[in-house]
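Asker: Assemble the whole structure, with the sequences as input and the hints as a guide.
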Amino acid sequence: MSSPTSRAFATRGEILAFATLAVLLLAVLPASMEIFRLNLFGKYLTYAFVAIGLVLCWGYGGILSLGQGVFFGLGGYCLAMFLKLEASDPEATKIQSTPGIPDFMDWNQLTELPWFWVPFESLGFALVAVVLVPTLFAGLIAFAMFKRRVGGVYFAIITQSIAAILTILIIGQQGLTGGVNGITDLRTLKGWDIRTDEAKLVLYYVNAFLLLGALVFCHWVLGTKFGRILVAMRTREDRVRFSGYDVASFKIFVFCLAAALSAIGGAMFTLQVGFMSPSFVGIVPSIEMVIFAAVGGRLSLLGAVYGTLLVNWAKTTFSETMPELWLLAMGGLFIAVVLFFPNGLAGLWQSFRQPLMHAIRRHAPAGSVVADAAPEGGTR
Amino acid sequence: MSARTKRIEATRRARAFVILSTLLAAFLSYPALAANPTSEVNTTGLAVTDDTVTVGILHSVTGTMAISETGSVQAEKLAIKQINDMGGVLGRKIEVIQEDGASDWPTFAEKSKKLLVKDKVAAVFGCWTSASRKAVLPVFEQYDGMLYYPTFYEGLEQSPNVIYTGQEATQQIIAGIDWVVREKGAKTFYLLGSDYIWPRTSNKIARKHIEKLGLKVVGEEYYPLGHTQFNSVINKIKLRKPDVIYAIVVGGSNVAFYKQLKAAGIDLASDKWTLLTISVTEDEILGIGGENIEGAYAAMKYFQSLPNPNNQAFVKAFKEMWGDEIVIGDVTQAAYLGPWLWKAAVEKAGSFDIPKIREASPGIELETAPEGYVRIHENHHLWSKTRIGLAKEDGQYEVVYETDELMEPDPFPAGYQ
Amino acid sequence: MFEGYSWAELGSIFAMQGFAGLSLFSVLVLMALGLAIIFGQMGVINMAHGEFMILGAYVTYLCSNFFAENLPALFSGYFLIAMLLAFLASASLGALVEWGLIRHLYKRPLDTLLATWGLSLILQQVYRSVFGAREVGVTLPDWLMGSFAVTDMIEIPINGVFVMFLTLGITAGVWLWNFRSSWGTQMRAVVQNRVMAGAVGIDTERIDRLTFAIGCGIAGIAGSAFTMIGSTGPTSGQLYIVDTFLVVVFGGAQSLLGTIFSAFAISQSQSTMEFFLSGSMAKVLTLLTVVTILMIRPQGLMSLRVRA
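Chains as they are written, first to last, in my numbering: chain A, 1 to 380; chain B, 1 to 417; chain C, 1 to 308.
The hints are simulated quantities; they were obtained by calculation from the structure and are not laboratory data.
In this text, all values refer to a predicted model and were calculated from it rather than measured experimentally.
Virtual Cβ for every residue (Gly too), placed ideally from N, Cα, C.
Treat the hints loosely; a few may be bogus.
[Said to hold, decoys possible] To list a few chain B residues with every Cβ distance to chain A over 10 Å, as calculated: (1) T44; (2) T52; (3) P106; (4) K113; (5) L213.
[Unchecked claim] Here are the simulated DSBU-like cross-link-like pairs (lysine-lysine), alpha carbons at most 30 Å apart as the crow flies: (6) A:K94 with B:K184; (7) B:K212 with A:K43; (8) B:K204 with B:K238; (9) B:K241 with B:K187; (10) A:K94 with B:K204; (11) B:K118 with B:K392; (12) B:K120 with A:K315; (13) B:K348 with B:K272; (14) B:K118 with A:K200; (15) C:K107 with A:K225; (16) B:K348 with B:K385; (17) A:K315 with B:K118; (18) B:K385 with B:K184; (19) B:K120 with A:K200; (20) A:K147 with C:K107; (21) A:K94 with B:K208; (22) B:K392 with B:K77; (23) B:K348 with B:K187; (24) B:K272 with B:K77; (25) B:K93 with B:K118; (26) B:K385 with B:K204; (27) B:K356 with B:K392; (28) B:K204 with B:K241; (29) B:K77 with A:K315; (30) A:K94 with B:K356; (31) B:K238 with A:K43.
Answerer: Now the structure itself:
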């Protein structure tokens with residue numbers, strides 16, 4: 001546990017670690033692979049938004065949500081609706097019985113745009129909706145549950161059920177949502193073709209900058225008083241409550257924050273992959289996203305990014321060479337992370353780094369020792 | 001020492017001679033190669049060398065769809081093996097890169113892109129669900145690949161980058177309903193399906209056709225994929241007493257549906273009930289159990305029991321490669337057509353270039369298809385016959401009817417939308 | 001929707017519909033009982049519950065093949081033996097999993113969720129490698145097929161009745177085990193206060209393993225029974241997991257009686273809605289109702305304690 005002692009915004013070690021990640025994302029990856037692979041990594045990085053959201057709400061807040069896919073999906077759908085409307089101009093859809101509406105609506109005998117699609121003709125509205133719709137939805141769920149002190153396992157199972165319900169609903173209402181196919185064949189953003197290689201490169205960088213920004217923001221949040229109350233809450237929720245804090249409000253906030261991050265990830269996914277489908281909203285992807293955070297280390301924001309990249313890269317590589325083994329490897333990974341390294345990659349790195357730093361310090365001139373070995377913040 | 005050196009020298013010479021003559025023999029036995037230098041048959045940088053051509057297979061071998069897609073992979077591999085045994089395509093052996101779509105549509109998109117961009121495959125045989133096809137379609141159109149898609153599906157699509165080797169909805173539905181009306185005197189229909197685009201679109205076409213004939217639909221409903229409790233709908237069916245239960249249930253739900261139908265006393269083998277499906281192939285019966293579906297009718301273009309010689313050879317070869325226990329369903333056969341149609345198109349075009357294959361494809365005929373004769377239509381679908389099969393207890397269908405003419409594929413049926 | 005039908009027809013249909021509800025009820029109870037023990041009593045979130053069920057189904061499949069080939073004379077009785085073997089197989093696997101995995105995680109319930117999810121992935125792949133990706137068909141003995149025709153309209157499925165009696169029997173067994181046997185007493189003692197239970201001489205580790213194994217064993221029996229009404233494939237278990245958890249949570253996790261009540265409420269509302277609405281929407285509405293009630297009353301139907 002790295003309970004923050006009173007300190008500056010970031011220690012030297014943290015800045016170094018952040019800079020390393022920034023260099024990796026902004027320089028090393030783009031330089032070392034062709035655009036096809038880079039686009040894949042861009043896709044993985046959209047999941048990293050979800051993973052750092054989970055670090056906040058699960059790692060620090062102790063709230064395990066098995067429904068993060070819902071927010072990822074909602075964010076993605078909001079943007080996909082805008083892009084689909086742009087792709088369905090009357091000229092491109094003139095063979096339909098009703099030109100100008102998305103193709104799947106035409107197949108389902110809709111003859112005009114449903115009311116809730118209309119505002120999505122505006123990019124501004126869509127962008128606001130990307131963040132706002134999932135956040136409000138998360139707020140609603142969290143408000144209902146945390147005010148009644150539902151937590152832990154119950155919260156996990158209820159969020160999971162919500163993921164199941166929403167999937168069935170989206171699939172069942174295919175005239176309005178595109179059904180199981182999702183919203184496909186997205187082409188341009190305000191006339192800018194998102195399918196070209198140059199666009200992919202630009203989108204990769206936008207994504208990487210957004211992610212780095214999100215990391216800085218989350219780091220800042222955790223450094224404030226709020227972050228410390230969060231940690232306190234996870235350890236002894238009742239004591240925090242007795243100290244006069246409104247525990248539920250803090251939980252609602254952190255859950256909404258995680259949802260908003262997931263939604264941004266979802267929107268970036270839509271842009272980079274070119275479609276959005278209900279297969280992200282369901283239970284399986286939602287649980288997979290938890291494992292990204294767990295592999296990286298549920299208490300480490302940077303770890304979550306590395307965890308996401310590693311798991312997804314392994315998934316792609318394994319499934320290219322031996323698809324049968326992939327599920328075994330993934331299953332084994334879940335078990336190993338839980339049993340042997342509950343703090344994930346970040347924990348491994350810590351246990352590797354500590355002795356190394358000691359060795360370095362022994363040789364370093366006195367005075368340059370950085371006091372970053374965080375004291376154990378136990379409450380026993 | 002020197003004797004030994006000489007001996008070595010002699011062996012070396014002999015070896016060189018053997019290698020040279022092998023090369024020469026290889027060269028001579030590939031007259032096609034001499035006639036088709038790679039620089040001419042491949043002007044767009046596909047993965048074609050002087051003696052190989054690489055294609056992709058993209059199906060789910062893991063996840064929920066692996067149940068259905070396994071047969072397609074096997075069929076495509078069989079066809080490729082047979083083509084290679086005959087000397088390949090334009091003198092080049094086909095090599096396969098297989099990718100796993102993992103029953104996940106974004107993964108399909110990712111893998112199709114990998115096949116086209118990185119591996120530069122000359123054709124892709126793959127996809128099964130409509131959702132996976134929709135996910136890869138923009139990729140194929142952007143990078144100009146060629147996909148051979150095997151599943152019967154809902155239509156409403158016609159891409160220059162896809163050859164649809166399964167039937168589109170009208171081919172399956174209209175002949176089936178006409179038959180059941182003619183033979184069974186059916187007047188009322190109960191439409192039932194899993195909740196996604198194919199059953200919904202198919203039922204829409206079925207309803208339009210039924211109403212056009214002046215007959216009646218007495219119920220229509222959809223259950224989520226994977227639903228396992230059908231007792232309520234079975235009660236509704238009993239109440240409405242339709243002449244025909246028209247069922248497009250898929251996947252695991254299928255098994256639950258037919259088992260519960262049987263248990264509830266709806267005996268499909270009796271004269272009282274008629275069930276017509278377009279979603280249950282021999283593959284599905286394996287899971288359902290022949291005794292549970294005995295007496296149901298299926299409308300599709302291929303059944304394993306088709307008596308023609310093409311099919312007998314196909315079934316024999318399939319079992320030799322994949323084991324005696326295996327069954328072959330409609331989609332498996334359609335998947336088998338893919339590599340053959342591609343081979344025919346390449347040979348007609350004299351080139352692996354996608355634009356030339358696209359141009360050459362319409363009109364291509366396959367006399368050797370297990371289902372009989374097929375021909376590619378201008379709209380990239382196949383002309384094919386539709387047949388009605390009667391499910392028997394051993395899990396096979398008995399073909400009770402086939403259309404006289406080839407059915408014209410009509411992916412955008414006028415008056416049915 | 002009822003115009004044009006006679007009273008006799010409507011009466012029969014409602015009787016049938018009542019039976020459909022009861023049969024869904026027994027299916028839900030059977031699914032949920034094992035989980036109610038594992039999750040409700042031990043606090044372990046077993047996401048691999050569905051895979052334990054499918055293990056039972058595969059054992060039944062193997063049995064049916066074995067009897068059909070080697071002992072065709074005894075085929076009609078194989079199902080009972082298959083259920084026993086299914087119980088033993090799932091329970092042994094359960095004991096193994098408890099020993100290798102779960103016992104390290106009793107203090108971290110959320111982590112059991114992740115670990116057992118991993119386990120479920122592994123089991124799915126193992127089933128796929130061993131039995132193939134396709135679904136397998138389990139042949140039932142003749143006496144389990146078909147239906148009693150009470151009247152022309154009312155036909156009672158025999159396997160539905162069988163599942164009902166099975167559910168009744170297993171529920172009674174679990175109740176006896178839980179409240180009338182010394183193991184049950186010890187188990188409840190361990191659940192309430194592990195340290196004290198250990199102090200008075202209860203072998204808590206053994207009780208844990210036994211409880212987990214029995215929960216898994218019941219899942220195995222459920223899976224075996226479900227070969228009569230559902231599919232048997234590597235991923236079939238996933239179809240049940242959300243419903244099962246909802247039943248247990250809705251009932252109030254620590255109450256077996258609550259599980260039964262909640263299964264009853266969910267099954268009746270779902271089968272009624274399915275009758276009047278179309279399939280997908282009925283499912284959505286049922287789940288939505290359950291989730292809404294859980295948000296209002298998080299402790300579930302039958303629990304006295306408030307959890308935080």
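Asker: Does each hint hold? Answer for all of them.
Answerer: Status of the hints after comparison with the structure:
1. T44: Non-interface label on T44 of chain B holds, nearest chain A Cβ at 17 Å vs cutoff 10 Å.
2. T52: 20 Å, holds
3. P106: 6 Å, violated
4. K113: 6 Å, violated
5. L213: 20 Å, holds
6. A:K94 with B:K184: Given that 30 Å is the threshold and the Cα spacing comes to 41 Å, the pair is violated.
7. B:K212 with A:K43: 48 Å, violated
8. B:K204 with B:K238: It holds: about 23 Å lies between the C-alpha atoms, which stays within 30 Å.
9. B:K241 with B:K187: 11 Å, holds
10. A:K94 with B:K204: 22 Å, holds
11. B:K118 with B:K392: With a Cα-Cα distance of about 47 Å, the restraint between K118 of chain B and K392 of chain B is violated, given a limit of 30 Å.
12. B:K120 with A:K315: It holds: about 22 Å lies between the C-alpha atoms, which stays within 30 Å.
13. B:K348 with B:K272: 52 Å, violated
14. B:K118 with A:K200: 16 Å, holds
15. C:K107 with A:K225: Status holds; Cα separation ~28 Å.
16. B:K348 with B:K385: Distance ~24 Å between K348 of chain B and K385 of chain B Cα, so the pair holds.
17. A:K315 with B:K118: 18 Å, holds
18. B:K385 with B:K184: 21 Å, holds
19. B:K120 with A:K200: 19 Å, holds
20. A:K147 with C:K107: 25 Å, holds
21. A:K94 with B:K208: 23 Å, holds
22. B:K392 with B:K77: 29 Å, holds
23. B:K348 with B:K187: 48 Å, violated
24. B:K272 with B:K77: Violated: K272 of chain B and K77 of chain B sit about 43 Å apart, past 30 Å.
25. B:K93 with B:K118: 20 Å, holds
26. B:K385 with B:K204: The hint holds at about 22 Å.
27. B:K356 with B:K392: 45 Å, violated
28. B:K204 with B:K241: Distance of about 21 Å is within 30 Å: holds.
29. B:K77 with A:K315: 25 Å, holds
30. A:K94 with B:K356: 28 Å, holds
31. B:K238 with A:K43: Cα-Cα ~50 Å, so violated.
The earlier numbered hints that this structure contradicts are 3, 4, 6, 7, 11, 13, 23, 24, 27 and 31.
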